[in-house]
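J.: Based on the sequences and whatever the hints tell you, model everything.
The opening position of the sequence shown corresponds to residue 2 in our numbering, with each subsequent residue numbered one higher.
Treat the hints as calculated values from the structure; they're not laboratory data. Computed from a predicted model, the values in this text were never measured in an experiment. Where is the CB? At the ideal position from N, CA and C, for every residue including glycine. Careful, some of the hints might be misleading.
Okay, the calculated beta carbon distance ranges per label pair [as the list claims (entries may be wrong)]:
#: 1; residue 1: G109; residue 2: T19; range: 37 to 43 Å
#: 2; residue 1: G108; residue 2: H66; range: 15 to 21 Å
#: 3; residue 1: D8; residue 2: H47; range: 17 to 23 Å
#: 4; residue 1: A36; residue 2: S6; range: 24 to 30 Å
#: 5; residue 1: D96; residue 2: A63; range: 33 to 39 Å
#: 6; residue 1: T9; residue 2: G109; range: 22 to 28 Å
#: 7; residue 1: A63; residue 2: E122; range: 33 to 39 Å
#: 8; residue 1: P23; residue 2: D55; range: 17 to 23 Å
#: 9; residue 1: F62; residue 2: K15; range: 26 to 32 Å
#: 10; residue 1: A63; residue 2: S30; range: 25 to 31 Å
#: 11; residue 1: S74; residue 2: R28; range: 32 to 38 Å
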Amino acid sequence: MNKISFDTLARLAKASATVTVPCMCNRVSVAAWSALPMTLELNRFHDIGVLFDDPYDEPTFAEFHPAGTRYDSDIAPIALNFYPYNRCAVARCLDCGRHYLRYNEAGGYFTELRIRALRPELIVDTPAPEA
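T.: As structure tokens, this is what we get:
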């Protein structure tokens with residue numbers, strides 16, 4: 002799958018923000034990272050790219066929250082070089098065209114698909130954290 006650049010992600014987010022039609026994909030808010038709601042049907046989404054280079058690389062678990070937000074905050078920044086965005090795929094709803102970020106949370110004894118709406122006002126271009 003192709004890597005999506007920062008500029009392309011910003012363009013997709015802006016296009017997504019212009020969609021106003023009601024759809025099954027936005028019945029439940031996923032403004033913050035959420036477990037995949039039962040109302041969402043995975044076959045109604047198409048993965049269009051990823052935000053990482055190498056699927057076998059072990060990227061940082063550092064998060065980016067300069068304003069004191071948290072992972073589960075509706076206004077947490079979308080920083081591509083930080084967790085969990087450095088593990089994400091970008092998916093498009095086949096019914097309305099909205100875009101979402103998705104990744105598989107694999108902590109402890111379970112895996113869980115997580116999803117978040119792609120919002121242009123939250124995307125930030127930040128350098129990768131120091132190794």
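J.: Could you work out which earlier hints the structure fails to respect and list their numbers in ascending sequence?
T.: 6, 7, 8 and 11
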